[in-house]
Each structure stands twice: as C-alpha cells, then as structure tokens.
Amino acid sequence: MTRNGMRPIHPGEILREEYLSPLEMSVNVLSMALHVPATRMNEIVRENRGITADTALRLARYFGTSDRFWLNLQTEYELRRAQISKAEQGGPGTSRLSEAGCQ
119 MTRNGMRPIH
129 PGEILREEYL
139 SPLEMSVNVL
149 SMALHVPATR
159 MNEIVRENRG
169 ITADTALRLA
179 RYFGTSDRFW
189 LNLQTEYELR
199 RAQISKAEQG
209 GPGTSRLSEA
219 GCQ
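Per our numbering: the sequence shown = residues 119 to 221.
Check the hints yourself; a few may be wrong.
Simulated DEER-style distance windows between Cβ atoms [as the list claims (entries may be wrong)]:
{"#": "1", "residue 1": "A205", "residue 2": "M150", "range": "19 to 29 Å"}
{"#": "2", "residue 1": "I127", "residue 2": "L215", "range": "46 to 56 Å"}
{"#": "3", "residue 1": "G182", "residue 2": "E142", "range": "16 to 26 Å"}
{"#": "4", "residue 1": "N160", "residue 2": "E217", "range": "12 to 22 Å"}
{"#": "5", "residue 1": "L215", "residue 2": "R125", "range": "50 to 60 Å"}
{"#": "6", "residue 1": "G182", "residue 2": "E217", "range": "40 to 50 Å"}
{"#": "7", "residue 1": "T193", "residue 2": "E217", "range": "46 to 56 Å"}
{"#": "8", "residue 1": "R164", "residue 2": "K204", "range": "19 to 29 Å"}
Hints listed in this document are in silico derivations from the structure and should not be mistaken for laboratory results.
For each residue, glycine too, the CB sits at the ideal point set by N, CA and C.
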C-alpha cells in the first residue's frame, strides 16, 4: 500500500477489466488487431510486463485513447511500487540538495 492506502494498479489490470472484459474481447483478438505477438499482450494482461511506448501507441490508436494515458498508467504503477519498496526498506532516505551541504 502507499500513503493514500491504495495498492499499485498495473496497466494490464486496467486493460483487462476496463477494455477487454466489457467488449468480451480475448487477448489473442487484441494481439491480432494490434499486430503484436500474443505473448506480449498476455504478459501485460497477466501483469508480468509493462506498457512500452510502442504498445501505448498501438493501444491508443485502437481504443481511441491517448498514448500518454497508457504511459501514465505505467509510470504511476512504477512510482507507487518504488514508494512501497522505499517505505518497507526504512532507514535514511535520500538527502535533499539543501541538506547535503552543497551550495
């Protein structure tokens, strides 16, 4: 969990639950429509792979969204995971420039 109490949401979950499920579309059909290997899309939907710029462009064009939408989902997911990891590690954090004695 993060400070806001929400778990990080992988873009593959959004793709699966908000796009594929309502359309009753299989990952294989989407893969063919996007002209990408089915393994790529399966790994994304199973949350084992991130969204690349290339995939974001293809998803945006197909679903009528922006490429930034998909990339922002990926970035937000990675940031939240990093925040959780940092919080779990504890210990001293990174100093700010003003605290580092460099002026």
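Against the structure, the hints come out as follows:
1. The given range of 19 to 29 Å is broken by A205 and M150, whose C-beta atoms sit roughly 41 Å from each other.
2. Remark: the range hint 46 to 56 Å for I127 to L215 is contradicted by a beta-carbon distance near 32 Å.
3. For the pair G182 and E142, the beta carbons lie near 18 Å from each other, so the given range of 16 to 26 Å is met.
4. The hinted window of 12 to 22 Å between N160 and E217 is violated, with their beta carbons roughly 46 Å apart.
5. About 32 Å separates the C-beta atoms of L215 and R125, a value inconsistent with the hinted range of 50 to 60 Å.
6. For G182 and E217, the hinted distance range of 40 to 50 Å is satisfied, since their beta carbons lie about 46 Å from each other.
7. Range check, T193 to E217: Cβ separation about 27 Å, and the 46 to 56 Å hint is violated.
8. Separated by about 26 Å at the C-beta atoms, R164 and K204 satisfy the suggested range of 19 to 29 Å.
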